[in-house]
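**Q** Taken in sequence, the protein lines are chains A and B. So the first sequence is numbered by the working numbering: it starts at 14 and just counts up by one. So the second sequence is numbered by the working numbering: it starts at 740 and just counts up by one.
Just the calculated beta-carbon pair ranges, DEER-fashion:
#1 B:Leu762 <-> A:Lys103: 16 to 26 Å
#2 B:Leu763 <-> A:Trp24: 17 to 27 Å
#3 B:Arg744 <-> A:Ile115: 30 to 40 Å
Derived from the structure by calculation, the hints contain no laboratory data. In this text, a Cβ means the ideal position worked out from N, Cα and C, and glycines have one as well.
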Amino acid sequence: MSRRRVEPLVWLMFSAGGVLAAVFLPILILLFGLAFPLGWLDPPDYDHLHAVLTYPLTLVVLLGLFVLMSVHSAHRFRYTLYDGLQIKKKRTVAVLCYGAAIVGSVATLAVLWVLARGS
Amino acid sequence: MTDLRLYRPRVSTWWWTRKRSYLLFVLRELSSIFIAWFVVYLLLFVRAVGQSEAAYQRFLDWASAPWVTVLNVVGLVFVLLHTVTWFNLTPQAMAVRMAGRPVPAFHIVAGQYTGLVVVSGFVIWLVTR
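All chains should be built: construct the whole structure from the sequences, respecting the hints.
**A** So, in structure tokens, the structure goes:
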């Protein structure tokens, strides 16, 4: 019964996270993963970046982005292990994958909480 | 009473290496690992900016290490694979109707690429102004 109630929600979060990852990640990786650290572009000024990140709407967007992408990743990796690598220990795989997503979500809350309080 | 015995053929762990479309499917699914990596990476970045200017500088230094760069480049390729396959699958997963008529698949895919461009432009504007 509970399984039935949870499963549509997980698929919904998987889809939402998939859309967000598809749309937001390419530019974020290009800028913060490559262009700024490697000096292709001048890294943004610290005060400006801090102001942008502590803006309330940014915090809400980051919360949604990180939590939904964690669930997306966990859900997809779960089925990669089942179907792709033929690992059939279903319960263990599910616990490990969703457990990791929960850890990611809690870490997100902690980081954003500290960020919001320090502003 | 006899026990029920089902015929379950064993599938090889490497079944997906036999055909290009299978391989692409598994590679697409493996993008999930890199999305998890980027969640961690971006969280470290946000945490550093929350701490201090020195922490932000340390993050940029750490992020320019060769192994991080390699991980980010490989990850970006997988994320782009995710983006393209995700956009292409949407019209099949979602039947959109407008004024009673089904919206052509091409319009749904084009709409998503427009969204990608708009979001990317907005992020660049927000970060670099």
